[in-house]
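**Student:** Each chain, written out:
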Amino acid sequence: MAKGDPGAAARSKRAAPRTRRAAAAGEPELVQLLTPEGERIETALGPDGTEYRVDFTDEEYRGLYRDLVLVRKLDAEATALQRQGELGLWASLLGQEAAQVGSGRALRTQDMAFPTYREHGVLYCRGIDPIMPLGLFRGVDQGGWDPNEFKFNMYTIVIGAQTLHATGYAMGVAMDGKTGGEDGEAVIAYFGDGATSQGDVNESFVWASVFNAPLVFFCQNNQYAISEPLERQTRVPLYRRAGGFGFPGVRVDGNDVLASYAVTRHALDNARNGQGPSLIEAYTYRMGAHTTSDDPTRYRIASEVEAWQAKDPIARMKAFLTKQKIADESFFTEVDEQARTESVHLRERVLAMPDPQPVSMFDHVYPNGSPELDEQRARFSQYMESFEGSAH
Amino acid sequence: MATETLTLGKALNTGLRRALENDPKVVIMGEDVGKLGGVFRITDGLQKDFGDQRVIDTPLAESGIIGTAVGLAIRGFRPVCEIQFDGFVYPAYDQIVSQVAKMHYRSQGKVRIPMVIRIPFGGGIGAVEHHSESPEAYFAHTAGLKVVSCANPQDAYVMIQQAIASDDPIVFLEPKRRYWEKGPVDLEAPIADAYPLHSARVVRPGTDATVLAYGPMVRTALDAATAAAEDGRELEVIDLRTLSPLDLTAVYESVRRTGRCVVVHEAPGNLGLGSEIAARITEECFYSLESPVLRVTGFDTPYPAARVEEEYLPDLDRVLDAVDRTFGW
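Residue numbers (the UniProt record's numbering), protein chains in the order written: chain A, 1 to 392; chain B, 1 to 329.
Isolated chain A, as found in the complex (with noise of 0.2 Å):
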């Protein structure tokens, strides 16, 4: 794990009362508003001076409360219809909630993001029915959203690939003129740590800087790449890889939403402004595995994994709206059973999903169609018809 970053106290401004440079001793730089206990920060600095805060309503505070609960609790169900064999696969988000619901509501409706197979908070954010992304991991689809309609592309599986589609279309919009003032558009990559390492996130780095793209990359440190830790990809901490591309970055406590909410937002009205990109390294942990497929005790210990327990996203923010008396515990109780009712709800809904008709592989290879394609559909249309009515 990356360690503490001690040149930042020697650029350190003075911290005004209630405002902190950093978190608690021992953590990496990092900007937080909401501390693991559920203490409120005002104001938070970033690296390069900016000063970090938000200011929500109580219904506002509570509504992210909810969008975390429901988040993780979707992840969970997903989680559990993998083990019970009704996904191939799945890639939770478990520990990544505030990171995800941060940004992602921190997103306005004209802004696009570009996720990796994680964001499935992210997308829930955007308005997007969440089984939607289920209807991939059970084998039945690729995805079923339309992404312009909901400005949220495609889960890209390939790592780091969505990060230069970012940049292309983040290109089109400033030659679009759509940058400049609150009615642009800015446009969010997200990836991971790992795919820090990979030629295209490099490469999309380049781009859009030269280019002056207004474009966030979201990073999400969870600390692992499947197995391998983050000293196996980086030496430096991730966010200070923008300096060299000739943006800004900074680094904020991904387990807390509000920092999460108010960097990103930061970031976007300045891409959108016409300032062009900038890194966020959301800094969190994923909880479980990378995907069901893999066994984490194997590569980890146990002891980190509590040490980040510790950092619950959710149980912070419940900690301050309860410390604040935003909410008591009807609310937690209602938003409990929601989560209960949404997560049965989505368990029928995948039960209940159909299997493709199988000619239906033929369909969108192409968009103006291909004549051997055709061919080969009504072959094999053929050949499925000559079962009908046997044994078969």
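Quick caveat, the hints were computed from the structure, so don't treat them as lab data.
Straight-line Cα separation of at most 27 Å, DSS-like style, residue types lysine-lysine; simulated pairs:
1) 102/B <-> 151/A
2) 178/A <-> 25/B
3) 151/A <-> 110/B
4) 25/B <-> 151/A
5) 178/A <-> 110/B
Using C-beta positions, here's what the derived DEER-type ranges look like:
6) 60/B <-> 336/A: 51 to 59 Å
7) 53/B <-> 299/A: 43 to 51 Å
8) 388/A <-> 21/B: 50 to 58 Å
9) 376/A <-> 3/B: 35 to 43 Å
10) 305/B <-> 384/A: 51 to 59 Å
Every residue, glycine too, gets a C-beta built ideally from N, C-alpha and C.
With chain A's structure known, arrange chain B on it following the hints.
**Tutor:** Quick look at chain B alone, frame taken from chain A:
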């Protein structure tokens, strides 16, 4: 008819210019395509006339060129990417086969990637290594991509516009050794209703054997047909033009008539397009064949040093030799 005599390279340049004029969403991007006009000058003068937002000099990274073009396409642009040389396409291979080719399929038709990937391909210009390769089979093997190659200036002019206008992602292979060959170009040729992009064409009718070629080898096949005619053999030469999907309708008709077929390409023979074409002809025309379908191809070696490329590349004599063999059965 506004017919002019142009080189194949200038015909491409003129076609690109027409596409930029006709659709403001068309953008050209690649290394050195702007001020320099491309290392082969195919984009010569276009940045000057359309600006650096339409003709974009990119950083030097092929995956980045293709990957950002994907994003531009999602945004509604029609990117035309130039890969400087065939052997440099491999860093972009993942983006092309995993992303460009599959996005329409993965999105169940909701996302279109109407992009063209222009690649000067093939040998014969005395270049150093990585500058003379024929990667067409890699792309033709990938569902979701269409692969075409032009062989003369008229086709170059029309096909590049057709490719840009198409919503299919297209790998557009330019026969670099033919860039400087001249031919008539009808500048008013319509792109919508002209010879469709995905169609083979008989470029020399004949009765005794069918010779199939595409891109740079069409000229070689035609030269062989001229030489064979002196020996009393009339070869029918078909320019395949489209490598994926293959348009073999005219090919089957021809082979059923001639009973003999030779496929010519520069790429190595092992698992090359010739293998597929030979298999398909065998399936469809078995009872019409007087002899096996023969292939004349590059060898199964890396592209060799330039001083021996004339021996590596199929030439008139190797094609004629194969034709002789088809008559030996």
